[in-house]
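Chemist: One-letter residues, chain by chain:
Number of protein chains: 2
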Amino acid sequence: MRELFHEQLDGLFDDLATMAGLARHSVGQATTALLEGDVAVAEDVISGDREIDLLREVVEEKAFSLLSLQAPVAGDLRVVVAALRMVAEIERMGDLAVHVAKIARLRVPEIAVPESVRPTLKRMATVATTMTARVQDVIAHRDASAAADLVLIDDEMDQLRRDTFSAMLQEDWPHGIEAAVDLALLGRYYERIADHAVSVANRVVFVVTGEQPVSAR
Amino acid sequence: MRELFHEQLDGLFDDLATMAGLARHSVGQATTALLEGDVAVAEDVISGDREIDLLREVVEEKAFSLLSLQAPVAGDLRVVVAALRMVAEIERMGDLAVHVAKIARLRVPEIAVPESVRPTLKRMATVATTMTARVQDVIAHRDASAAADLVLIDDEMDQLRRDTFSAMLQEDWPHGIEAAVDLALLGRYYERIADHAVSVANRVVFVVTGEQPVSAR
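So the protein lines, in turn, are chains A and B. Residue 216 in full-length UniProt numbering sits at position 216 of the first sequence, with consecutive numbering throughout. Residue 129 in full-length UniProt numbering sits at position 129 of the second sequence, with consecutive numbering throughout.
Think of the hints as simulated: they come from the structure by calculation, not from any bench. Hints are not guaranteed to be accurate.
Any copy, or any two copies together, can satisfy a pair, since identical chains are not distinguished.
No farther apart than 20 Å at their CA atoms in a straight line, the calculated lysine to aspartate or glutamate pairs in the DMTMM-like style are these [as the list claims (entries may be wrong)]:
{"#": "1", "residue 1": "122", "residue 2": "171"}
{"#": "2", "residue 1": "102", "residue 2": "163"}
{"#": "3", "residue 1": "102", "residue 2": "57"}
{"#": "4", "residue 1": "102", "residue 2": "158"}
{"#": "5", "residue 1": "102", "residue 2": "38"}
{"#": "6", "residue 1": "102", "residue 2": "44"}
{"#": "7", "residue 1": "102", "residue 2": "36"}
{"#": "8", "residue 1": "102", "residue 2": "3"}
{"#": "9", "residue 1": "62", "residue 2": "76"}
{"#": "10", "residue 1": "102", "residue 2": "191"}
Okay, chain A solo, but in the shape it has when bound:
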């Protein structure tokens, strides 16, 4: 019974890692759509989100069936409950990539992000993609140590977001209101992707070590 439980649990985590991989792909593609003004890529991200949503349903049903049939307690129960929270957060990362893709699509044939702030935006996207890839590794290998430096990368995201505000609020911002509003919202979306990455990684650490990471307290 216990062996079956752990096999099923491994299956659950495999699905979560696959979802994180899909979310990483979406974030990367949404950024391409955004920085190249590519409407076809944007459409791919938007329609592709359905795959993440479906996998969420699969994971939820598996977790539900695990709880129902195995009635786990103590540590085993905490792992399944953690998986239920993680699946919601990873799905949300996919939704946020869709929001980025929609801004890209809205501005085609223009590019939403003015050239002067593209390096900052690009770096935000790289940080978000790196964090999502790290989350995938952390889930796949239950590697608590790999989760630790996600918080450091997240600090860079906060700094990048402040950089975008500084750029917009300089007196000589020449790109108008629409570009500023787009940039503020895009910054928010990437920041939330990073937040979810940290949160999911923290849950894995909790599951592996039984202790809340200091940063999550």
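Starting from the known structure of chain A, fit chain B onto it as the hints suggest.
Modeler: For chain B alone, coordinates are given in the frame of chain A:
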């Protein structure tokens, strides 16, 4: 055993209703802080969020203990799992009220929202507060019918958000970049509060009727 389960479940839902009440209060207070530029009220919202966070921990521990000791199956299990998702969403509504309060605090002694768009912003806040109050009722009375019209109210939120974009993107927007960026983010925060309200209400409907509301499919 079953009776005890249902007593404990009622306790869980009472706590969720209390949390929704606190979230509603925070959204209302954050709006007051925002529209009156009142830093003391903003600080109250920010520090008061701790209470919602603590209640979240209480609900999670109660749900965990219910799962562990009663090992519910089928419908009973679905209710507890739904409660775990609802608690995360209600906590998030509180966080979003804190984001509104922080923008208010950042602009004191100025008021972040220009006078011309204050009626729209005020209406967004009213819609968000009404939706949160409705969620509290829906949870407290497990009233599926009261959840149904939340979707209609949410449509008004979407329209209000479009109104703010129209106002900002008119050629004669005289309030500059900072006010536009604040307004875009504030609109996003109120919209997300509304999204969570609809989502929590839908979960209650699912718990009560066993069917997904059409709007949530």
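Chemist: Which holds for residue 102 with residue 191 at a C-alpha limit of 20 Å: within a copy, between copies, both or neither?
Modeler: The answer is both: 17 Å in one copy and 17 Å across copies each meet 20 Å.
Chemist: Between copies, within a copy, both or neither: which fits residue 102 and residue 163 at Cα up to 20 Å?
Modeler: Intra 23 Å, inter 19 Å, cutoff 20 Å: inter-copy only.
Chemist: Given a CA cutoff of 20 Å, do residue 122 and residue 171 count as a within-copy pair, a between-copy pair, both, or neither?
Modeler: neither (23 Å within a copy, 29 Å between copies)
Chemist: At 20 Å max between alpha carbons, let me know whether residue 102 reaches residue 36 within a copy, between copies, both or neither.
Modeler: Within one copy only: 13 Å inside a chain, 34 Å across chains, cut-off 20 Å.
Chemist: Is it within a copy, between copies, both, or neither that the alpha carbon of residue 102 lies no farther than 20 Å from that of residue 3?
Modeler: This pair counts as neither: shortest intra-copy Cα distance 45 Å, inter-copy 50 Å.
Chemist: Measure nothing new, just compare the shortest in-copy and cross-copy C-alpha distances for residue 102 and residue 158 to 20 Å and report within, between, both or neither.
Modeler: between (23 Å within a copy, 16 Å between copies)
Chemist: Within, between, both or neither: how does the pair residue 102, residue 38 come out at a Cα-Cα threshold of 20 Å?
Modeler: For residue 102 and residue 38, only the intra-copy Cα distance (11 Å) is at most 20 Å; the inter-copy one is 36 Å.
Chemist: Evaluate residue 102 and residue 44 at a C-alpha cut-off of 20 Å and name the case that applies: within, between, both or neither.
Modeler: So residue 102 and residue 44 pass the 20 Å test inside one copy only (11 Å; across, 36 Å).
Chemist: How would you classify residue 102 and residue 57 at a CA-CA limit of 20 Å: within, between, both, or neither?
Modeler: neither (24 Å within a copy, 36 Å between copies)
Chemist: When Cα atoms must be at most 20 Å apart, do residue 62 and residue 76 count as within-copy, between-copy, both, or neither?
Modeler: both (14 Å within a copy, 17 Å between copies)
Hints 1, 3 and 8 from the list above are not met by this structure, while the remaining hints are.
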